[in-house]
Amino acid sequence: MSNDSTAWLTPGAHRRLTVELAALNGHTDTAEAESLGIRLAEGKDAREARIHKLEELLKHAVIGEAPPDDGVAEPGMILTVRYGGEEDTETFLLGVREGALDEELSVYSPQSPLGQALLGAVRGEERSYSVPSGRTVKVTLVDAVPYRA
48 MSNDSTAWLT PGAHRRLTVE LAALNGHTDT AEAESLGIRL AEGKDAREAR
98 IHKLEELLKH AVIGEAPPDD GVAEPGMILT VRYGGEEDTE TFLLGVREGA
148 LDEELSVYSP QSPLGQALLG AVRGEERSYS VPSGRTVKVT LVDAVPYRA
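Those letters in the sequence shown? Residues 48 to 196, by the numbering used here.
Rather than coming from a laboratory, the hints here were simulated on the basis of the structure.
Quick caveat, the model's predicted, so the values are computed rather than measured.
All residues carry an ideal CB built from backbone N, CA and C; glycine is no exception.
No false leads were slipped in.
What follows is a list of derived Cβ distance ranges for each label pair:
{"no.": "1", "residue 1": "107", "residue 2": "76", "range": "23 to 29 Å"}
{"no.": "2", "residue 1": "192", "residue 2": "75", "range": "33 to 39 Å"}
{"no.": "3", "residue 1": "167", "residue 2": "107", "range": "16 to 22 Å"}
{"no.": "4", "residue 1": "99", "residue 2": "169", "range": "35 to 41 Å"}
Based on the provided sequences and hints, a complete structural model is requested.
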């Protein structure tokens, strides 16, 4: 489930992306897409590129399937982290950001610098990653639990 081609999606994100693809292909009324807050790509090239991207994403999608509750950071887990020596924590879902418009939690991609740093981390493990400014940030995995819709 955690290989590079697999895309972990919430059920809501999967629905929005499926509706968007159907609307782009002319298989459904665009009103449904608009009601979900989806803005359709304009222009033939942009539409074709978006169709291709969505087809690839949905072909490799894992929808809402909970990973094992083993405390290891992987797609489909809700992660709680602490940055550096700060007291405060941040909680987010590790999964595909595409289509995650109205999720309750922030969604970070496993391909993001933070996501890459945390993949495979266990509770209590400290990792580091570089931000665009070049600064290195330390992050500790406080908790990792499966997403439950």
